[in-house]
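Novice: For the record, the sequence lines run as chains S and A.
For our numbering, count along the first sequence from 1 and bump the result up by 1237.
For our numbering, count along the second sequence from 1 and bump the result up by 218.
Do not rely on the hints blindly, as some may be mistaken.
[As the list claims (entries may be wrong)] Per the computed footprint, the stretches of chain A lying under chain S, defined by three or more beta-carbons under 8 Å from a beta-carbon of chain S, are: (1) 259 to 266; (2) 320 to 334; (3) 353 to 360; (4) 413 to 427; (5) 482 to 490.
[Unchecked claim] Label-pair ranges, simulated between beta-carbon atoms: (6) S/1432 <-> A/268: 45 to 55 Å; (7) S/1462 <-> A/259: 37 to 47 Å; (8) A/365 <-> S/1266: 23 to 33 Å; (9) A/460 <-> S/1266: 45 to 55 Å; (10) A/445 <-> S/1413: 47 to 57 Å; (11) A/247 <-> S/1443: 25 to 35 Å; (12) A/456 <-> S/1432: 34 to 44 Å; (13) S/1419 <-> A/401: 14 to 24 Å.
The set of hints was computed from the structure by calculation and includes no laboratory data.
We put the beta carbon where it would ideally sit given N, CA and C, even for glycine.
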Amino acid sequence: MAKNTTKQAKTYYDKVHTWGRISTVTALCVLLMFPMAICLYLGVFPPFEKVFQGLLKVIPLYWSVAVVEVIFYTPMLGAGGAYLSFVTGNIVNLKLPCAISAMESAKVKSNTEEGEVISTIAIATSSIVTTIILAIGVLAFAPFLETFTSSALLMPAFKEVIPALFGALGAGYFVKHWKISFAPIIFMLIILVFVPTIGASTLIFPGIVASVLCAFIMYKVGFLDKKEK
Amino acid sequence: MDFKSSTALYLIAACVILFVLAQSVFFLVKAWKRGKELGIDSKKLKNSITSSALFTIPSALSVLATVIALAPALGLVVPWVRLSVIGNITYETVAATEAINAFGITTGISEAITDPEVFAGVAWVMTLGICFSLVILPFVAKPLHKKFLNAGKKKEEPETAVVADEQTEAAPETKKKKRSFAGFMDYVTPALFIGLIGAFISNSILGAGKKDVALDGAGVLSVVTLVTAVVSSIILELISKKCKLTWLEPFIMPIGMILGMVAAIICYNVLPPEIAMLEWRG
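Using the sequences plus the hints, can you model the full thing?
Specialist: Okay, here's the thing in structure tokens:
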């Protein structure tokens, strides 16, 4: 009986990996078809060097984050949960907490098959709900978009969307990781004092290097030992 | 009609969204069936669905807020698809800004894109920049998952022996372990994101914009917006923790962002123009 269960369990995990691999590769193709379809529909192809220039600013950070995320989150999300989460995104702020919360309330461990099932159900539900809310929101908002963006009253809100978005997003990080937040921001402000035209996109790189380096030094000297986690 | 919101683009987007929905439904059905085979109570399975759906709604609204924030520059279709597939709030805004900058437009996401070539270029950068996890996942997910399952099994057996050993060993040994490189990995992702978020925040405080473009450099309005967003988010975070309002947590980010934008509107319309439009770095 026990042997039978183990065999069945292996089969289920193997099946999940097969479905996951197929769906991930399909998702990648669908994803790449989207900008291609835009180009074909609009009859334009952006110059390669411009796209490459944009990618140069994005790839070093986000491809390394992708490697770190896959290594760290795959075990936590479970097999099915990982394949779903990496396709639908918003892992740290949505899928992972959702899976952990569902496993906790169901009182199952993440390294068991019950945990795998609950985690997959939680993440699949979360993906469906997010997709539906986004679809409804977009379709409902579409008729009013032009009114919103062309309104003189609302103009400053859209002009200042970056400080609003990153201020609200940063606040969460600053509260949780305040010890490692001060030094890199002071460092970036000093750079801006001398080079005000550098722009946020270029500032990201010295900012990230300073941030990781400061965090490493603080960690090594034991400054992060107690409260920071 | 604006080319960014044509019916054809909506139809293309709908195909992508349907694929995501189909994949999620497929995994949901398979996991549900397996759960029944394992003897998990239907009530437990249903509870997982209900609690996950409720848990998701506020965060999904904050994702929707990002779609709307990107809409003035990119229209609704591209942000919609990007945030439905792999996308996340931090990445999409940065990628869109970088892509727009690469085409020589310095206003980032605050101005509408009118050139279809730039629009298509932005879609390519946003897509290619985020897709790497899907390239490596099929190769590494299975071995990683197997290692995790095996580690879990091994951990259950010698647990008591390990505890006994640890008690006899000196405390400094534990301290040394705590500061190993592996322990530092917990801080790598937050540090990366603080570096990234910090760049935009610092730029809103001291960055210079174009001399001939109003409100694109650091000034009264950008600082008021930033401070309102940060302070209101921190206050909401403290309230949710002190009063144990867990339901409030996912709303903090969108509320903070909206309050920041509202502060910009109020300042712009209430303060004298020479103060509201003041940009100290040009």
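Novice: Between the beta carbons of residue 1419 of chain S and residue 401 of chain A, is the distance compatible with 14 to 24 Å?
Specialist: holds, 21 Å
Novice: Falls inside 47 to 57 Å, the C-beta gap from residue 445 of chain A to residue 1413 of chain S?
Specialist: At 19 Å between Cβs, range violated.
Novice: Do three or more residues from the segment 320 to 334 of chain A put their C-beta atoms closer than 8 Å to C-beta atoms of chain S?
Specialist: holds (count 8)
Novice: Within the segment 482 to 490 of chain A, is the number of residues with a Cβ closer than 8 Å to a Cβ of chain S three or more?
Specialist: holds (count 5)
Novice: Are three or more residues of the segment 353 to 360 of chain A within 8 Å, CB to CB, of chain S?
Specialist: Check passed, 7 qualifying residues.
Novice: Could you see if the CB distance from residue 456 of chain A to residue 1432 of chain S stays within 34 to 44 Å?
Specialist: holds, 36 Å
Novice: Range first: 23 to 33 Å. Now tell me if the beta carbons of residue 365 of chain A and residue 1266 of chain S are that far apart.
Specialist: Because 29 Å falls inside the window, the suggested range holds.
Novice: Holds or violated: the segment 413 to 427 of chain A covered by chain S, criterion of 3 or more residues with Cβ-Cβ distance under 8 Å?
Specialist: holds (count 14)
Novice: Verify this for me: three or more residues of the segment 259 to 266 of chain A with a beta carbon less than 8 Å from a beta carbon of chain S.
Specialist: holds (count 4)
Novice: Between residue 1462 of chain S and residue 259 of chain A, does the beta-carbon spacing fit 37 to 47 Å?
Specialist: holds, 42 Å
Novice: Do the Cβ positions of residue 247 of chain A and residue 1443 of chain S conform to the proposed distance bound of 25 to 35 Å?
Specialist: Since residue 247 of chain A and residue 1443 of chain S have Cβ atoms about 49 Å apart, the given range 25 to 35 Å is violated.
Novice: Is it true that residue 460 of chain A and residue 1266 of chain S lie within 45 to 55 Å of each other by Cβ?
Specialist: Taking Cβ atoms as reference, residue 460 of chain A and residue 1266 of chain S lie about 48 Å apart, which means the hint holds.
Hints 10, 11 from the earlier list are contradicted by this structure; the remaining hints agree with it.
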